[in-house]
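Here the protein sequences come in this chain order: A and B. Residues in the first sequence are numbered from 1 upward in steps of one, following the numbering used here. Residues in the second sequence are numbered from 244 upward in steps of one, following the numbering used here.
Some clues are possibly wrong.
Claimed, not checked - Distance ranges between label pairs, derived from CB positions:
hint: 1; chain 1: A; residue 1: Asp121; chain 2: B; residue 2: Ala247; range: 50 to 58 Å
hint: 2; chain 1: A; residue 1: Ala8; chain 2: B; residue 2: Leu773; range: 41 to 49 Å
hint: 3; chain 1: A; residue 1: Glu5; chain 2: B; residue 2: Arg544; range: 39 to 47 Å
To be verified - With a Cα cut of at most 25 Å, we get these calculated DSS-like pairs of lysine-lysine:
hint: 4; chain 1: B; residue 1: Lys539; chain 2: A; residue 2: Lys136
hint: 5; chain 1: B; residue 1: Lys561; chain 2: A; residue 2: Lys136
hint: 6; chain 1: B; residue 1: Lys828; chain 2: A; residue 2: Lys205
hint: 7; chain 1: A; residue 1: Lys123; chain 2: B; residue 2: Lys561
hint: 8; chain 1: A; residue 1: Lys136; chain 2: A; residue 2: Lys123
As the list claims (entries may be wrong) - Which residues of chain B face chain A? A few of them, derived with a C-beta cut under 8 Å, are:
hint: 9; residue: Ala562
hint: 10; residue: Gly565
hint: 11; residue: Leu569
hint: 12; residue: Ala571
hint: 13; residue: Lys572
hint: 14; residue: Gly573
hint: 15; residue: Ala578
hint: 16; residue: Ser586
hint: 17; residue: Pro656
hint: 18; residue: Asp659
hint: 19; residue: Ile660
hint: 20; residue: Pro665
hint: 21; residue: Lys828
Hint data in this document are derived by calculation from the structure and do not stem from the laboratory. Computed from a prediction, not measured in an experiment: that's the story for all the values here. All C-beta atoms, glycine included, are put in the ideal place defined by N, C-alpha and C.
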Amino acid sequence: MIEVEALAKRYGSFTAVRNLTFSVRPGEVLGLVGPNGAGKTTTLRCLSGIIPPTSGSVRVAGHDLSADPVSAKRALAFFPDEPRLFDYLTVRQHLAFVARIYGVADHESLATPLLQELELDGKADALPGELSRGMKQKLVIACGLLHSPSVMFFDEPLTGLDPLGIRRMKDSIVRRAQAGAAIVLSSHLLHLLEEVCTNVLILKKGEKVADGTLAGVSAQFSNGEAGVSLEEIFIRATGGSEG
Amino acid sequence: MLGALLYLRLHSLRNKVVQRVLRLRQPKYLMGTAVAVAYFYFFLFRRNPAAGPSSALAAQAISGVGSVATAAICAVACAAALVRIAFAWIAPADKPGLRFSEAEIAFLFPAPITRRALIHFRLLSAQAAILFTSVLIAVFFNRSGYLGSHRAIHAVGWWIILSTFDLHMNGTNLTLSRLRETSPHFRMWRLGVVTAIVAYAAALFYSGIGRVSAYLSGPDSSQAAPEAFLRQLSESPAFHWLTLPFRIVLSPYFATGPGEFLAALAPALILLALHYHWVSSTEAHFEEGSIAMAEKRAAAREAALRGEMPKLGGSRPKARPGPFPLAAKGPPEIAFLWKNLLSMRSALFGRRALVILMMLMVWAAAAIGPLSRGGGRGGVVAPIVVVCSAMVAGYTVLLGPQIARQDLRGDLPNADILKTYPLEGWRLALGELLAPTAILTAILWCTIIACSAAVDADGAIEWLTPGIRVTVALSMASAAPFLCLIQLIVPNSIMVLLPGWYQASRSRTGGIEMFGQRLIFGVVQLFFALLVAVPAAGAAALVVFSSQWVFGIGPSVVLAALAVLAILSSEAVLGLWWLGRRFEKFDLSTESK
Ligand SMILES: Nc1ncnc2c1ncn2[C@@H]1O[C@H](COP(=O)(O)OP(=O)(O)O)[C@@H](O)[C@H]1O
Ligand SMILES: [Mg+2]
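All chains, please: the whole structure from these sequences, using the hints.
Printed below as a string of structure tokens:
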């Protein structure tokens, strides 16, 4: 579903991501972890076609992102860490707009259950300015899910959510994966990895330190000790909090 | 206590200056500063001394007209101040407050500081800006040429005018919030004050209008000595006393020499002191209102950074039905048109925007009325309509793209989201540009209709038959959307190419370098307008002149229109394709760092 080959991204002379190779299959959730500034957001923006990578290739749902961006983008959804919405469009108008962009024919019948699932149905005619942060995030998700993407990228999906919101977000990510989507999310919250991700990839200063299943990565850094906490493993892997 | 606040002020100021100077190392600020300095040097400073005697002659020649013009400007400014004050009483903010920044609120409001100290802090902060502005105005707009007196006097004059107004607005706001808290008759109070203001304005108007209209309709108004008229006017007792408060505030500025200045200064300072007393002795809870104000301003600043127009209408956007029903299937470009029209409506049709528009229309009508009457012939209106619509069309083409910015520029913060859409760059660019193109085209069409109806209204030009009139109008109308589209591609390209520049030029906190940047953008826009218009106009002229002998005027105009359309549309296609390509590579985060 997602195949990344030797991805690198430079900003001027500064290399934010280098030589990153991995793949995510349908039903898998890959967690990108790493300290602040490790290159998680940069990686996700390259994967979703927002910025062109400096080198390397990305294939999304079988389409090469640089050769055929339109087909690749039709299959993916990107959820930024800050909910970005159009100030003058109501919740319902957002959905209508996105439906037209993606050519989702029966969006009315799709949107209603989606809004209900996300508990936005009472706010269908509200503008983003009247929504709480959690509700904005829900609306972003509703917009992203409208075209039933098979590949999803979440950047720090839990930022700014209350405990209940976090619970719901985790559930809905897991549900989409079970329905066959390939998902990459970035986080530095370790409990998210434990509960949601099938695989992890640890980034440090733009480079892959380790990847594999959570158990595999834990084993790699526990040096044979038993009962090493996830936090300790993370610190060992990245060598401190700031990359 | 005030020491700490002063410390905050001074150090903020110093750091701001240091930051401004340091950022000159970035080319966008350096260029902006260089252009602005050059502009001021050549157009403001150089002009006065270099012009020498001719300028002195001109000053003499206009001094008569000048004094009337100055009086008129003063009258308009005083009326504006009065309207502003009345507006504060008519529609006070939900919670009137004083102007503090969000950071100041966060640090100072919970601190153990008295309200009085806070008020003083607020006044001091304003003083910094007012002093700076006064000096700046006195330096840049040196009117010593025909007002006489010295720049220093002008600076002090400006300081008195601005400080008095600032104190008055603060006093008004504090009194309003005081009244709201304590008086059960808040509405009655407001009604009373507004009535008083209106009565005052009416009295002022009637005490002066008789003389003014007598002067204007006088036998030979242009030769009647303006000074004599002004003296007469101010000698009318009612007018004299009614304008006294304004004259006290303005007279230091207009003093022609040190003696006169000192004499004028005393009453002005007394008035200022009274205002100060009013402000500092009003016990009011302004905190809540200040917080609301600060939030509003922070939001407005953010919106400006995002490239939105300042909202003229209500402060908050309102949910509205779409401009037309948006079907789920069809070209996605239309979705952008739909979205951007939605966001445009609240910016264009706000309540206050309507009021301003109506005031402008009344003004225009008042200005045109006497002209059309004075000419005696009915045919005077038609040329005015032609000239006005030509001017509106010109402004629409040149400045419209800066005003109608509900396109890529308005969507700057959403750039990341737009780029995940499954659309080629050019389609996205086209979609985003459709809404302002539609608006500007609609305005152009109105001017074309007005112009084509009014040109040669009495039918003096023989070959301008109704058929040709309609053909020319239709040809121009069909070229209008392409012209607007191209003109809109220019600022959007600037934004995509130089987002840092663009954002910097949008921020309100700008100084001289921002002025320079805007100047550069304006010149670029003008340059492209010429670049686009000259070949098209040349081709049209060529076709018309070469083919009218063969086909007659009508068909040759159609041919010319086709040529123009071909040129403009290929330019637009090229521009869109290029803009789309650039936008695909565009990364906002790189620039804002
Ligand atoms: N547009 C940019 N220009 C220059 N440097 C950038 C840009 N975006 C990110 N960076 C740098 O790249 C590194 C990785 O950033 P990012 O991907 O945002 O990290 P993360 O999301 O893991 O915190 C950081 O050091 C950051 O400063
Ligand atoms: Mg990040």
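Violations among the numbered hints, reported as their numbers in ascending order: No numbers; nothing is violated.
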